[in-house]
Amino acid sequence: MLIHLKIPSRFSRFAHGDHEFSLHVETMEQLLEDVCQQNPELRSRLLNEAGSLWPYFAVLHNSQRLSCEGLSNLNLSHEDTIEIMTLVSGG
Amino acid sequence: MSEDQASVASKSPWEFSFQRFYVDLSAAGVRAEEVACQDYEDVFGGIARGFKFLKDLAVEDAYDPRATLVMNLGLLSGTDFMTGLRTYFQAYSPLKRALSGQPSAMWSAGSGKFGTKLRYLGVDEAVFTGRCARPSILRIYRTGDDEATRFEFLDGTELAGLLVNDKIQKLHQRFPDAHFAVIGPAGENYQTVRFAAVALSTENQLKSGDPKSRYCGRGGMGSLLGSKNLLAIVADVADQRATKQPAELKSINQAVARGEGSRRFRDQGKGDGGGGTWANYEALNPLHAMPEMNFVPTNGDASVPLYRPHVEEGPYVVKDESCFRCGISCHKNVYDRNQEGKAGAFRAKLDYEPLNLLASNIGIFDIEQALELVEQVDQLGMDSISCGTTLSYVMEYNKRYPDKPIADGLSYGDYAKTREIIGRLGEGEMGEVGQGTMRLSEELDATSFAMHCKGVEFPAYLPQTNPGYPWALAGGHMSMRTMFLLLLERETDLDYWVSAITDKGYMTIRDDIVGICKFAGMTHDQVCDGIQALTGLEIDVPKLEDLITRTFLRGYQLERENGFTDDDYDMPAESHEECPQIELPYFNTPEFFAGLKRRVQVRLGEMLVENDMV
Numbered sequence: 001m002l003i004h005l006k007i008p009s010r011f012s013r014f015a016h017g018d019h020e021f022s023l024h025v026e027t028m029e030q031l032l033e034d035v036c037q038q039n040p041e042l043r044s045r046l047l048n049e050a051g052s053l054w055p056y057f058a059v060l061h062n063s064q065r066l067s068c069e070g071l072s073n074l075n076l077s078h079e080d081t082i083e084i085m086t087l088v089s090g091g
Numbered sequence: 001m002s003e004d005q006a007s008v009a010s011k012s013p014w015e016f017s018f019q020r021f022y023v024d025l026s027a028a029g030v031r032a033e034e035v036a037c038q039d040y041e042d043v044f045g046g047i048a049r050g051f052k053f054l055k056d057l058a059v060e061d062a063y064d065p066r067a068t069l070v071m072n073l074g075l076l077s078g079t080d081f082m083t084g085l086r087t088y089f090q091a092y093s094p095l096k097r098a099l100s101g102q103p104s105a106m107w108s109a110g111s112g113k114f115g116t117k118l119r120y121l122g123v124d125e126a127v128f129t130g131r132c133a134r135p136s137i138l139r140i141y142r143t144g145d146d147e148a149t150r151f152e153f154l155d156g157t158e159l160a161g162l163l164v165n166d167k168i169q170k171l172h173q174r175f176p177d178a179h180f181a182v183i184g185p186a187g188e189n190y191q192t193v194r195f196a197a198v199a200l201s202t203e204n205q206l207k208s209g210d211p212k213s214r215y216c217g218r219g220g221m222g223s224l225l226g227s228k229n230l231l232a233i234v235a236d237v238a239d240q241r242a243t244k245q246p247a248e249l250k251s252i253n254q255a256v257a258r259g260e261g262s263r264r265f266r267d268q269g270k271g272d273g274g275g276g277t278w279a280n281y282e283a284l285n286p287l288h289a290m291p292e293m294n295f296v297p298t299n300g301d302a303s304v305p306l307y308r309p310h311v312e313e314g315p316y317v318v319k320d321e322s323c324f325r326c327g328i329s330c331h332k333n334v335y336d337r338n339q340e341g342k343a344g345a346f347r348a349k350l351d352y353e354p355l356n357l358l359a360s361n362i363g364i365f366d367i368e369q370a371l372e373l374v375e376q377v378d379q380l381g382m383d384s385i386s387c388g389t390t391l392s393y394v395m396e397y398n399k400r401y402p403d404k405p406i407a408d409g410l411s412y413g414d415y416a417k418t419r420e421i422i423g424r425l426g427e428g429e430m431g432e433v434g435q436g437t438m439r440l441s442e443e444l445d446a447t448s449f450a451m452h453c454k455g456v457e458f459p460a461y462l463p464q465t466n467p468g469y470p471w472a473l474a475g476g477h478m479s480m481r482t483m484f485l486l487l488l489e490r491e492t493d494l495d496y497w498v499s500a501i502t503d504k505g506y507m508t509i510r511d512d513i514v515g516i517c518k519f520a521g522m523t524h525d526q527v528c529d530g531i532q533a534l535t536g537l538e539i540d541v542p543k544l545e546d547l548i549t550r551t552f553l554r555g556y557q558l559e560r561e562n563g564f565t566d567d568d569y570d571m572p573a574e575s576h577e578e579c580p581q582i583e584l585p586y587f588n589t590p591e592f593f594a595g596l597k598r599r600v601q602v603r604l605g606e607m608l609v610e611n612d613m614v
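Chains as they are written, first to last, in this note's numbering: chain X, 1 to 91; chain D, 1 to 614.
Extracted from the complex, chain X is given alone in its bound form (with noise of 0.2 Å):
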């Protein structure tokens, strides 16, 4: 199914100057590990050494924060939007 995966802007950098993507997957990590293979020099910036997004960011699901909780149970449908929010601000 066709995901739409959007992640922070300042991002593009290591992504060919792209920050939205539309990939063909089923699943939360099938989504990140594709992405991160399209764009290799995002998967530091994005993914920990186990895989897992790293702690700072939250995860929207149509718009929608997740919870840790939310994001392991994750069933994604057709045409579902995930975005990548970083958490860190300073003020």
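Bear in mind the hints are in silico, worked out from the structure with no lab data behind them. Just so it is clear, the structure is predicted and the values come from calculations on it, not from any experiment. C-beta: ideal position from N, C-alpha, C; glycine also. Keep in mind that the hints are not guaranteed to be accurate.
Below, simulated DSS-like cross-link-like pairs (lysine-lysine); rule was C-alpha separation at most 30 Å, straight line [said to hold, decoys possible]:
(1) K6/X to K597/D
(2) K170/D to K342/D
(3) K319/D to K342/D
(4) K504/D to K6/X
(5) K399/D to K417/D
(6) K55/D to K597/D
Simulated DEER-style distance windows between Cβ atoms [as the list claims (entries may be wrong)]:
(7) E427/D to P55/X: 38 to 46 Å
(8) A160/D to Q64/X: 29 to 37 Å
(9) Q245/D to N62/X: 26 to 34 Å
(10) G327/D to Q64/X: 48 to 56 Å
(11) R490/D to Q30/X: 41 to 49 Å
(12) H19/X to R134/D: 56 to 64 Å
(13) W14/D to Q30/X: 55 to 63 Å
(14) V35/D to E41/X: 48 to 56 Å
Got chain X sorted already, so can you dock chain D onto it with the hints?
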């Protein structure tokens, strides 16, 4: 700027003027001047105009009564641009200084509604010199729409010694239409506290009676106000009727309230918000990339109880509240949970900085204790960053030198003693500690773990991961945006870091020129659109970027002209040491930093030439 100036699009800077008031506190006299703008700096105000104005006004002693304190607005302060609430205090700081001892130009900014009232009064800028003969209140007021703005000096004796909120509530009873800038006891004790803040009142504070000020914290601007014997400034005028917003502004304000830029600061419970700066705890601590114990993270999970979700499990309610007419609601206000399970007594406003620096970084991991300390520091009117970082220095010093302790042997995690010391500090009884980290460490000849640059204490981001700190003009996170780069981008080469500091990091000062809050997260395009819609000024992104660059360079130039040499652009020696528990690349070695410094200084010199500023 007057309203008729907003009616025609594409105006040049010299078609604008602004109102500057020279306030001689010694003579209790005021002189008004309408100044014709000469350039974009004049039109924008904020630190762009402030730095220009301060250029030839350097002093040897920040507390010299002849020293100048500028209070001004940015172009969008007090307008309908959402978050356009900023008031700026600018001066040669009692805290920031060169190794030679000369005070350095600095600013501090705050929101609340005080700036909006100044805008209603037509006060674009006030320049304070001299010293009031007695503790004073300056009331700025206007009795009718067609009346001139007036200044009167009132006896402030009855405010002396009061906590910040007590001062504000007392003034509110007396001047119900007004908003206020006040100092706390720390500012009154300026000779022994160099990092006192200026507190600005908020709508919520005046309505609820709760201590919910916003603070101009950095650089000791409250100490400076105290040195001038000015305890409060009252901006007393009725609110203006709302005018119809230009259509372009409506969509920009929607972007501020609901757009991408402010999302990280919005409420996590309302769908897509990031939860604000408090979320840094959950983001940074798992990598041990968050300050604990004077910026040396422990390798454990001691700070976990301070995460917001854990706090909400306890007998507390956290509410996301906002400044005047702001849709971001970035304030994370903590209340006791009452018997109905709702918000009861207000406890403290928790941002990441005060929570980290007045809890984890001084070895306190209990939320109840943290709430007490954060609120205590706010109410005494001190900058929580400088205060917290100086306390952590004291604790580290006492740990290393148990035979010659200072501050009654204050130690990590000792809540009762910390509370006592903070209380005495704010009351002016801890002169050694109140000098701040730089002066204290020089006095003790123990500088390697004194976490500051140029006398301004580090905010709650590890210096081991941020070699950009020395080039911040006014505090390490609000004027040089390099503190998250290693975490997010993981680049460790010199070219990258030179560019990060000299091309991008300083761009964050834009909002201190414009008058809006950094949490709005606006793009340059959006800012230009908003300015055009509200003022008619012809401005585009390249011109705005040029203005930001000139302002940054002017700040750097002021440093160099007032005693700073290459030796001043350094970091504490221990911030270059490897800290294995930090799960980020180790790269800020002494050798890396030496190379970076060489190249940044050369590049800044080139930029001054390119901008005809030499």
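Worksheet entry | Consistency of beta-carbon spacing, N62/X to Q245/D, with hint 26 to 34 Å | holds (31 Å)
Discussion item. Within 48 to 56 Å: is that where the Cβ-Cβ distance between V35/D and E41/X falls?
Written reply: At roughly 51 Å between Cβ atoms, E41/X and V35/D fall inside 48 to 56 Å, so the hint holds.
Practice prompt. With respect to the beta-carbon atoms only, verify the hint that H19/X and R134/D lie 56 to 64 Å apart.
Written response: Holds, since H19/X and R134/D (Cβ atoms, about 60 Å apart) stay within the stated range.
Discussion item. With the threshold set at 30 Å, check whether the alpha-carbon distance from K55/D to K597/D stays at or below it.
Written reply: Answer holds: K55/D to K597/D is near 25 Å, not above 30 Å.
Discussion item. Check whether the Cα positions of K504/D and K6/X lie no farther apart than 30 Å.
Written reply: holds (24 Å)
Worksheet item: For the pair supplied as a hint, K319/D and K342/D, is the alpha-carbon distance within the 30 Å limit?
Response: holds (10 Å)
Fill in: Hint consistency between K6/X and K597/D [alpha-carbon to alpha-carbon, up to 30 Å]
violated (36 Å)
Worksheet item: Does the alpha-carbon distance linking K170/D and K342/D stay inside the 30 Å limit?
Response: holds (28 Å)
Practice prompt. Using the Cβ atoms, figure out if A160/D sits within 29 to 37 Å of Q64/X.
Written response: violated (52 Å)
Worksheet item: Is the hinted range of 55 to 63 Å satisfied by the C-beta distance from W14/D to Q30/X?
Response: Given about 60 Å between the Cβ atoms, the range holds.
Fill in: Supplied distance hint 48 to 56 Å, evaluated on CB atoms of G327/D and Q64/X
Violated, since G327/D and Q64/X (Cβ atoms, about 19 Å apart) do not stay within the stated range.
Worksheet item: Taking the beta carbons of R490/D and Q30/X, is their distance inside 41 to 49 Å?
Response: violated (24 Å)
Taken one by one, the earlier hints fail for this structure at numbers 1, 8, 10, 11, listed in ascending order.
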